[in-house]
Amino acid sequence: MKDNFNDVNGIRVLGLTKTFKSIISKEEVKALRNVYFDLKKGELLGIMGHNGAGKSTLINLICGAVNKDSGNARIFKNNIEDDICLARKRMGVVT
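97 is the number that my numbering gives the last residue of the sequence shown; the numbers go up by one with no jumps.
It should be emphasised that the hints constitute simulated quantities derived from the structure, not laboratory data. Bear in mind that the values here come from a model prediction, so they are computed numbers and not experimental data. There's no promise every hint is true.
Said to hold, decoys possible - Listed below are the simulated DSSO-like cross-link pairs for lysine-lysine, each with C-alpha atoms no more than 27 angstroms apart in a straight line: (1) 28 - 70; (2) 43 - 79; (3) 42 - 70; (4) 23 - 57; (5) 57 - 32.
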């Protein structure tokens with residue numbers, strides 16, 4: 003996958019990573035580790051996995067509800083770091 007954000011025609015996620023501190027053990031828990039994918043305009047994404055797999059964390063990172071540790075994403079031409087309000091307007095999330 004290219005690292006070029008200029009040709010995004012959908013959603014592009016490049017290396018999203020998020021770590022939380024455990025309330026119980028005070029250790030760091032990697033919720034996401036370097037997630038990469040591309041979705042073209044008109045495609046749908048279904049995320050499946052067991053409890054604690056990082057599904058909600060991924061969506062929350064892309065929507066800007068949670069701050070990322072590293073990586074980036076674009077929704078069409080809108081960078082989630084620079085233009086999260088415009089990016090949110092382009093997304094539809096069903097929970």
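How the hints compare with the structure:
1. Restraint check: the Cα-Cα separation between residue 28 and residue 70 comes to about 19 angstroms, which is no more than 27 angstroms; the hinted pair holds.
2. Proposed proximity of residue 43 and residue 79 is supported: the alpha carbons are some 12 angstroms apart, at most 27 angstroms.
3. The suggested pairing of residue 42 with residue 70 holds, with an alpha-carbon distance near 23 angstroms, which does not exceed 27 angstroms.
4. Between residue 23 and residue 57 the alpha-carbon distance is near 18 angstroms, which keeps this suggested pair within the 27 angstroms criterion.
5. Restraint check for residue 57 and residue 32: satisfied, since their Cα atoms lie roughly 13 angstroms apart, inside the 27 angstroms limit.
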